[in-house]
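Protein chains in written order, with the working numbering: chain E, 1 to 606; chain Z, 1 to 350.
Certain hints may be false.
[What the hints assert, rightly or not] Sample of chain E residues with no beta-carbon within 12 Å of chain Z, all distances over it, derived:
{"#": "1", "residue": "P45"}
{"#": "2", "residue": "V101"}
{"#": "3", "residue": "E215"}
{"#": "4", "residue": "Q225"}
{"#": "5", "residue": "Q242"}
{"#": "6", "residue": "V417"}
{"#": "7", "residue": "V437"}
{"#": "8", "residue": "K471"}
{"#": "9", "residue": "L539"}
{"#": "10", "residue": "Q542"}
{"#": "11", "residue": "L557"}
{"#": "12", "residue": "A585"}
[To be verified] If you only want the chain E side, here are some residues facing chain Z, beta carbon under 8 Å, derived:
{"#": "13", "residue": "I42"}
{"#": "14", "residue": "M334"}
{"#": "15", "residue": "Y336"}
{"#": "16", "residue": "L338"}
{"#": "17", "residue": "Q367"}
{"#": "18", "residue": "Q387"}
{"#": "19", "residue": "G412"}
[Said to hold, decoys possible] Calculated lysine-lysine pairs in the BS3-like style (CA-CA distance at most 25 Å, straight line):
{"#": "20", "chain 1": "E", "residue 1": "K456", "chain 2": "E", "residue 2": "K471"}
{"#": "21", "chain 1": "E", "residue 1": "K444", "chain 2": "E", "residue 2": "K456"}
{"#": "22", "chain 1": "E", "residue 1": "K577", "chain 2": "E", "residue 2": "K549"}
{"#": "23", "chain 1": "E", "residue 1": "K484", "chain 2": "E", "residue 2": "K515"}
{"#": "24", "chain 1": "E", "residue 1": "K393", "chain 2": "Z", "residue 2": "K67"}
{"#": "25", "chain 1": "E", "residue 1": "K323", "chain 2": "E", "residue 2": "K17"}
{"#": "26", "chain 1": "E", "residue 1": "K577", "chain 2": "E", "residue 2": "K561"}
{"#": "27", "chain 1": "Z", "residue 1": "K339", "chain 2": "E", "residue 2": "K399"}
{"#": "28", "chain 1": "E", "residue 1": "K432", "chain 2": "Z", "residue 2": "K339"}
Hints in this document: simulated from the structure, not taken from any laboratory.
This one's a predicted model, so the numbers in the text were calculated from it and none came from an experiment.
Here a beta-carbon is modelled for each residue, glycine too, at the ideal position from N, C-alpha and C.
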Amino acid sequence: MTQLWDFAGGIHPAENKHQSTRTPIRDAGVPELLVLPLQQHIGEPAEPLVEVGERVLKGQKLADIRSGIGVPVHAPTSGIIESITEQPVPHPSGLNDWCIVLRPDGEDQWRERQPITEYRRLEREAVLERIRESGISGMGGAGFPTNIKLRPPKDRKVDTLILNGAECEPYITADDMTMREKATKVVAGLKVMAWILRPERCVIGIEDNKPEAIEAIRAACEGTQIEVAVIPTKYPSGGEKQLIRILTGLEVPNEGIPADIGVMCQNVGTAVAVARALFEDTPLISRIVTVTGDALREPGNYEAWIGTPIEHLLTKAGVDEEKLNRLVLGGPMMGYTLTTTAVPVTKTTNCIIAATAAELPDPPTEQPCIRCGQCAEVCPMELLPQQLFWYSKSEEFEKAEHLNLFDCIECGACSYVCPSSIPLVQYYRYAKGEIRVQRAEQLKADRARERFEARKARLEREQEEKELRRKERAKAAAEAQARKQAEAEQAAETGDATDDRAAKAALVQQALERKKAKAMAGEAKPAPEQDDKPDIEALEKQLTQARSKLETMQRMLDEAKEQQADNVDKLERAVAKNHDRVTRAEQALQEARQTLSRNTENQTSD
Amino acid sequence: MAFVQQSSPHARNARPTSRVMLWVIIAALPGLLAQVGFFGWGNLINVVWCIAVALGSEAAFLALRGKPIAFFLKDNTAAVTGLLLGLSLPQFAPWWVSGIAVVTAIIIAKQLYGGLGSNPFNPAMVGYALVLISFPVAMTTNWAEPSGLFSGAPDFVDTLGRIFSASQTSVDGWTMATPLDEYKHQIASHTAAEVLNHPMFGDGIAKGWEWVNLTFLAGGLLLVFLRIITWHIPAGFLGGLAVMSLAFGSNADQYAPLTLHLLAGGTMLGAFFIATDPVSAATSHQGKLIYGAGIGILIYIIRTWGNYPDAVAFSVLLLNFAVPFIDHYTPPRTYGHHKPRRGVPGRNQG
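So that you can see chain Z by itself, here it is in the shape it has in the complex (with noise of 0.2 Å):
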C-alpha cells in the first residue's frame, strides 16, 4: 500500500490569492459606485478597460515567458492592478491614456521584473505615474464635475464616445480641475471662505469626493475586518497626512484644511487599497506604520508645496524604493530574544 508522503502541516485552510483578490475587488465595489454616482459612467467605463487591458497584456506577456497563462491570471492579481487604475484615472481620460498606464502597470512594473510576488514597485502606481508626467493635460482636465448622473451629465454612450472618440474633442462642459487642485491655487487669491464659496466644495467638504472617499474607507475598513490587510499601513499613511497636516497647515486661509486632506483626491483610495499592495510594501508591524506614515507625510508634501495636486502614486512609489531599507531595521522581536536582530548578519546583532 502507497501512502501519501508529504511534509507537515498535513492540515491547511488557507485563502488563496486568488480569493484575496477577489476580496480587495468586492471591497472597492462601493466606491466605484459612489464614483459612478457622482461623477458619471466614466470610472465604470476606465474599470472594465482597464481591467481588459491587464488581462490582456498579462496574457500576452505570460505567454512570451512560456509561463502557464490561465493559472496566473486565475490569481486576480492583474485584474486589481487593471481595477486600481480604472478607480484613480480621471473620468474622461482617453482610452489610450488608461492604456499606456495599464500596459506599463502590467509589463514593465510588473512582468520585466519577474512576474507576481517579485515587483519592487507597485504595479498600478508606476502606470499612473507615467502618464501623469508624459500627458498631464489630458491627466489634468479630464477629471468629471460632481453633478452626478442625476442632474444632466453625459449618458453612458455619451461617456463611451468621449473616452474613445479618435479626437479629443473637448469636454469643457462637463468637467472641472479637482478640489485639492481647486483650493490649492485659489488659496494664493483668496480667503478659505471665499475658496469654499465654489459649489465643488458642495455643503460638506468636496461634493461628491467626500462620499467617495468615505465609501473607499469603509470597503478598506472591511479588508482590515476580514484580515486581508493589517491596520498598520493605512494608519501610518492617514496618521502621517493628519500630523503634517495639523502642524503645518492649520490656517485654512493658507493651507487646505485637513478634511479636504482626508476625504478628497486619492487619500482613502490609496490608504486602504494601493499603499497596502503587499508585494511592494514593508513586512513587519512596525515597518509597516513608518511605511505608511512615510507616504502619509510626503502626500502632505507635495501637495502643499510640489507641483501636483494629489500625490498618492509618487509617495507609494518613493516609499516602495525605501521598503528594503525599512524592513532591514524593523524585523519584530522574536520570542525569547531581549531585542530584535537588525541590520545584517554579523553585525549589530542583539
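Bound conformation, chain E alone (with noise of 0.2 Å):
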C-alpha cells in the first residue's frame, strides 16, 4: 500500500464523467479538411517544410522547429496540402495562429515506418530523438516537449517519476477511458520513460473514482515494481503541485521545476504517445477527446487526428445546436470559452464540452464580498484568495505579487465556492497580466537606462584618454625641450676643445631640435587654455551652489534650534562641512584665476 498525502484545500465538484464512459472510445473518422497549427506546444512554432500543393504521407513530418525549443507537427493521414494559412485556433485570446490546411485524400497511405523494439540497445539519446521526432510534447495541458522534460538538468537525479491519471476535472474522462483501453501501451510507455530516468520509485496515481481503469493499470502492471496508487478523489489533485505532494508528501519549491526535487511528473496519454512512437514509428497524429455536454445526444470519448475540426467532432457527437449555449475547450474548472466550432483539435485537447444554458447557467450577480474566508479554505495553494482579490480589484499590485500571486493555479476552486459569486480567477488573470505587462516595461526602461549609462561611461572614457594623450604629448615636449637645453650645453662647452665641424653639426642638430619641440609645443599649447576657461567657469557653478547650500542649511539650522529640535547636532554638522566645502571652492577658483592669468601673460610673452 502506497502511503498516501493530504493537500490543502480541493473541492468536490458534481463528477459528471459518467455520462461519457458509458462507451467505449470511438473513431472520428475522417474530417474533410485538417487544420494543423503550427504551434501546439510551448516554445518555438514549427516552420512549414511542405509546399501548397504538395501530396504528404500520413506520418510525414510537415513542419519543424529550425531552432530553439519545440517538437514536429505530422501529417495525420496520407493527401494533398492545401494551404498554409492564419486558421482559427484553440486559444482564450480567440486569435487566429499560423497553421497548414491538409485535404485527406482518404486513402490513408502511410510512409515507410521504422519501429524499434528493442529500445534498450540504443543509445538514450537515440530514444529521447525518436521521441522529439515524432512530435510528442506533453498531452495533459501545458503541451512542454517531452523530450526536453524526460532531460532534467544535470544536476537533479529524478529519484521518483509519476504517472499522472488522476484526471480530477468534472467532464473528462480521456486518460480514463485509456487508461482502460490502452493499459498495455501506458505501461509500455512509462517503462521507456523509466529506463531514461532510471528513478528510484515509479508510480501511477489514479483517482479513485476509476475503478476500472485502476484495475487494467492494475494488471498491465502485475509483475513490474511499478505502484499503482488509488488516491482520494478531490480537485484538484491532478494539478502536478499536488499529486506530487500527495504522493510523495514532497512540495515543489516556488518558482522550482519538480526535479529540484527529484520529482517529474507525465500524463498517461504521453506515455501512450512514447510507446507508440517507439513501437509502431507512429507519431503523435492522434489523441483521445471527450467530447461531452448535455447539448449532445451521443457524449463519448473519440480518439481525433490532430487537426480535425471540432465541428467534425460536435457533429460526430449528435449536438444539438438549438440546445448548445457554451462551448468549453477543457474542464468546467479551467477550461475556456470558444467563440466557434472551426478550431481544430491539437495535441493538447483533452475534453470538450458542448454545455446546455441549464448545464452551465451565467453565475449570479457579483455581491460584495464579505471576507467568509470560503476560499481561502479551498485554496490548494494555501493562498489568501479574498485578500489577492481585495488587492487585484484596486490595483495593489505589489501587494498581491507579496502575497504569492504568480503561485495561483487557476484551478478556479475559489471561484465555485464564492458565496458572493466574484470572478476571483478572472481577477488574478487581470493582476496577472497587468504586473507581466509592467515588469515588461520594466525592462525595457532598465535596458534604456543601461544604454544610457554605458553610452556616457564610453563618453567619459574617450575624454579621459584624450586627456592622457594630451599629458604624455606635453611630457614629450617637455623632455625634448630640457634634452636640447643640456646638449646645447654640453655643446657649448666642448665646441671650443674639439673642431669646428662638429660644432656645427651639434648647433644645426639644436635649431632641428628646437624647431621640432616648437612644433610640437605649439600643438600642445592651445589645450591648456581651452581647458581652463570652462574649469574656471565650473569652479564659479559650484562656489554658488556650495553657499547656497550652505544658506539652507544654516537657516534649517536656526529653525531647528528654535524649536529644539531634535537634529541640531546633525544640521551644525551639516553647516561645518559645507562651510568647508564653501571654503575649499573659493580657494580653488582663485587657483584657478592666477593659473588662467599666469597662462595669458605666457602666451603674450611668447
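Join these two chains into a complex; the hints should help.
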C-alpha cells in the first residue's frame, strides 16, 4: 500500500464523468479538412517543410522548428496540402495563428516506418531524439516538449517518476478511457520513460472514482515494480504540485521545478504516445478527446486526428445546436470558452463540453465580498484568495505579488465556492497580466537606462584618454626641451675644445630639435588654455551651489534651534561641512584664476 | 452561432450569502427558544422588532445611496444584525433603546462605511456598545429573571406593553441582576457558597443562562459542521477565556468560576455568532485563533477587573481594531514556500 499525503483545500464538484464513459473510445472518422497549427507546444513555433499543393504521406513531417525548443508537426493521414494560412486556433485569446491545412485523400497511405523493439540496446539520446521526432509534447494540458522534460538538469536526479492518471477535473474522461483500453501501452510508455530516467520509484496515481481504469492498470503492471496509487477523489488532485504532494509528501519549491525535489510527472496520454512512437513508429497524429455535455446526443470519447475541426466531432456526437449555449475547451474548472466550432483538435485538447444553459448557467450577479474565507479554505496552494482579490481589484499589484499571486494555479476552486459569486480567477488573471506588462516595461526602461549609462561611461572614457594623450605629448615636449638645452650646454662646453665641424653639426642638430620641439609645443599648448576656461566656469558654479546650500543649511539650523528639534547636532555638523566646502571652492577658484592669468602672460610673452 | 463567453471556472456550486445568513438565523433559533423558555417573551419581541428596524433602516439608507434595495435586503445580512441585537439586549429593554442600537448598527457601523463587506467593526456590537454606554440604567435593570414562561412571569401582551410603553414603569417584580453581575458584586463580601445560594444560580451554574448558552453552543457547532464558520475563532475565544479564568480566577471565593464565565452572559452567543462575523474578523486560521483568543482574554479582564459584568461587545470591537494588524502578521505559508510572507512588500520577505 502506497503511503499517501493530503494537500490543503480542494473541492468536490459534481463529477459528470459517467456521460462519456458509457461507450468505448470511438473513431472520429475522416474530416473534410485537417487544420494543423504550427504551434501546439510550449516553445518556438514549427516552420513548414512542405509546399502548398504537395502530396504528403501519413506520418510525414510537415513542419519542424529551426532552432530552440519545440517539436515537429506530422500529417495525420495522406493527402494534399491545401494551404498554409492563419486560421482560428484553440486559444483563450480567440486569435488566429498559422496552420497547415491538409485535405485527406482517403487512402491513409503511410510513410515508411521503422519500429524500435529493443530500445534498451540504443543510446538514451537516440530514444529521446525519436520522441522529439515523433512530435510528442505533454498531453495533459501545457504541451511542454516531452524530450526536453525527460532530460532534467544535469545536477538533478529524478528519484520518483509519477504518471498522472488522476484526471480530477469534472467531465473529462480521456485519460480514464485511455487507461481502461490501452493499459498495456500506458505501462509500456512508462517503462520507456523509466529506462531513460532510471528513477528509484515509479508510481501511477489514479483517483478512486475510476475503478475500471485502476483494475486495468493494475493488471498491466503485474510483475513490474510500478506502484499503482489509488488516491482520494478531490479536485485538483491532478494538478502537478498537488499530485506530487499526495504521492511523495514533498512540495515543489516556488519558482522551482519538480526535478528540484527529484520528482517528475508525466501524463498517461504522453506515455501512450511514447510507446507508439517507439514500437510502431507512429508520431503524435491523433489523440483521445472527451466530447461531452448535455447538448450532445452521443457524448463519449473519440480518437481524433490532430487537426480535426471541433465541428466535425460535435456533429459526430450528435450536437443539438438549439440547446448548445456554451462551448468549453477543457474542463468546467479550467477550460476556456470557444467562439467558433472551426478550431481544430490539437495535441493538448483533452475535452470539449457542449453545454446547455441549464448545465453551466451564468453566474448570479456579483455581490460584495464578505470575507467569509471559503476561498481560503479550498485553495490548494494555501493562498489568501480574498486578499488577492482586494489587491487585484484595487490594482495594488505589489501587495498581491507579495501574497504570492504568482503561485496561483488558477484551478478555480475559490470562484467555485464564492458565496458572493465573484469571478476571482478572472481578477487574478487580470492582475498577473498587468504585472507582466509592467515588468516588460520595466525591463525596457532598465535596458534604455543601461544603454544611456554605457554611452555616458564611454564618452567619459574617451575624454580621459584624450586628456592622457595630451599630457603625454606635453611631457614629451618638455623632455625634448630639457634635452636640447642640456645638449646645447654640452656643445658649448665641448665646442671650443673640438673642431668646428662638430660644433656646426651640433648647432644644426640643435636648431632642428628646437624647431621640432616648438612644433610639438605649439600643438600641445592651446589645449590647457581651452581647458582652463570652462574650469573657471565650473568652479564658479560649484561655489555658488556650495554657498546656497550653506545658506539653506544655516536656515534649517536656525529653525531647528528655535523649535529645539532633535536634529540640531546633525544640522550643525552639516553647516560646518558646507562651510568647509565653500572655503575649498573659493580657494580652488582663486588658484584657477591665477593659473589662467599666468598662462595669458606666458602666451603674450611668447 | 454565438456562444456564451465566460472566464473559468464554468461550474460553481456556492452557497450564496443569503443562504449562509439564513443558516446563521436557523442555528440561532434554539438559543432564542431557550431564552423565551426561561426569560419570557422579551427576547422574541426584541428579535422581531430589531429585525424590522434593521430591514427598514437598511432599505432607507440603500435608497438614499441609490443602491438596489431588494438585491441587498435579500442577502439577509441586515436581518442577522437585527437578530444578534435582539438576542443580546435585555429582555425588557425599551423599544427606543433597541431601536437606537439597530439604527446605529445598520447606518453608522455598516452603511456609512460602504455597506456589506466594508465595515471594519461588527455592526451589532457597535450598536450594543453605544446603548450600553448611553443608557446604562435601561441596559442593566431590564434583565428578566429566569422564572420562565411557566411560573407567572408576564405574558406576551404584558411584555409587549412593557417594552413599548411610553413611560418606563418599573418592572421590578420580574427583573434582576444577571448572574455575572451578581457574583461579581457579592463575592467581595461573601463566600462562593453564600453567593451561589441565591436562586438565580439554580441547581447548576446559572439558572436559565446555562441552557441558553448550551443551545447557542449547539447552534454554533451546527455552523461549524456546515462549514459556515471555522472552529478557530470560537476555540480561541473560549480557550482564551478559560485559560485566563484558570490562571487568575481559580479561587471561587474571589473570582467567578470558569463554569459561570463559559455558561452565563453572552459567552456562547459571542463565541459562535458574534465574533465569527467574517467581515470584521481576521482571515487566516492562525489570525482567527489569535483574534478569538484576544477577545476571550479581554472578556475575562473586563468582566473581572473592569466596570462591566459582561464584555463581549467591547472585546469584539477592540479586536476588530486589531484585525488589520493581525492579518498583516499571520498570512498562511503558501505551498512550496519555506515560510509565510509577512509584513509589507519589499520587507521581511520569506
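Now for the hints, and whether the structure bears them out:
1. Remark: the non-interface label on P45 of chain E is consistent with the geometry, its nearest Cβ contact in chain Z lying 25 Å away (cut-off 12 Å).
2. Non-interface status of V101 of chain E relative to chain Z is upheld: no Cβ of that chain comes within 12 Å, the nearest being about 22 Å off.
3. Even its closest Cβ contact with chain Z, about 28 Å, leaves E215 of chain E beyond 12 Å, as expected for a residue assigned away from the interface.
4. Non-interface call for Q225 of chain E relative to chain Z: holds, since the shortest CB-CB distance, roughly 29 Å, exceeds 12 Å.
5. Here Q242 of chain E does not stay apart from chain Z, with its beta-carbon only about 8 Å from theirs, under the 12 Å limit.
6. Once the 12 Å rule is applied to beta carbons, V417 of chain E is inconsistent with being away from chain Z; the minimum gap is 5 Å.
7. No beta-carbon of chain Z comes within 12 Å of the beta-carbon of V437 of chain E; the shortest separation is about 18 Å.
8. Every Cβ of chain Z is farther than 12 Å from the Cβ of K471 of chain E; the closest lies at roughly 48 Å, confirming the non-interface assignment.
9. With a least CB separation of 41 Å from chain Z, L539 of chain E remains clear of the 12 Å interface cut-off, as annotated.
10. Chain Z leaves Q542 of chain E outside its interface by the beta-carbon criterion, the shortest separation being 36 Å against a cut-off of 12 Å.
11. Every Cβ of chain Z is farther than 12 Å from the Cβ of L557 of chain E; the closest lies at roughly 33 Å, confirming the non-interface assignment.
12. Residue-level check passed: A585 of chain E sits 39 Å from the nearest beta carbon of chain Z, beyond 12 Å.
13. For I42 of chain E, the suggested interface contact is broken, since its CB lies about 20 Å from the closest CB of chain Z, more than 8 Å.
14. Against a cut-off of 8 Å between C-beta atoms, the interface hint on M334 of chain E holds, since the closest Cβ of chain Z lies about 5 Å away.
15. Contact between Y336 of chain E and chain Z, as hinted, is supported at the beta carbon level, the nearest pair being about 6 Å apart and thus within 8 Å.
16. Contact between L338 of chain E and chain Z, as hinted, is supported at the beta carbon level, the nearest pair being about 7 Å apart and thus within 8 Å.
17. Look at Q367 of chain E: its Cβ gets to within about 6 Å of chain Z, closer than 8 Å, so that hint holds up.
18. Because the beta carbon of Q387 of chain E sits about 7 Å from the nearest beta carbon in chain Z, less than 8 Å, this interface hint is met.
19. Taking 8 Å as the C-beta cut-off, the interface hint given for G412 of chain E holds, the closest approach to chain Z being about 3 Å.
20. Only pairs whose Cα atoms come within 25 Å are accepted, and K456 of chain E paired with K471 of chain E is accepted, the gap being roughly 23 Å.
21. With a CA separation close to 18 Å, the supplied pair K444 of chain E and K456 of chain E stays within the 25 Å bound.
22. Annotation: proposed proximity of K577 of chain E to K549 of chain E holds, straight-line Cα distance about 11 Å (limit 25 Å).
23. Restraint check: the Cα-Cα separation between K484 of chain E and K515 of chain E comes to about 11 Å, which is no more than 25 Å; the hinted pair holds.
24. Between K393 of chain E and K67 of chain Z, the direct Cα distance comes to roughly 20 Å. Compliance with the 25 Å bound is thereby established for this hinted pair.
25. Proximity of K323 of chain E to K17 of chain E is assessed by CA-CA distance (about 20 Å); at most 25 Å being required, the pair is judged to hold.
26. Between K577 of chain E and K561 of chain E the CA atoms are separated by roughly 18 Å; this keeps the pair inside 25 Å, and the hint holds.
27. Taken as a hint, the K339 of chain Z and K399 of chain E pair is honoured in the structure, with Cα atoms around 17 Å apart against an allowance of 25 Å.
28. With a C-alpha separation of about 22 Å, the suggested pair K432 of chain E and K339 of chain Z falls inside the 25 Å cut-off, and the hint holds.
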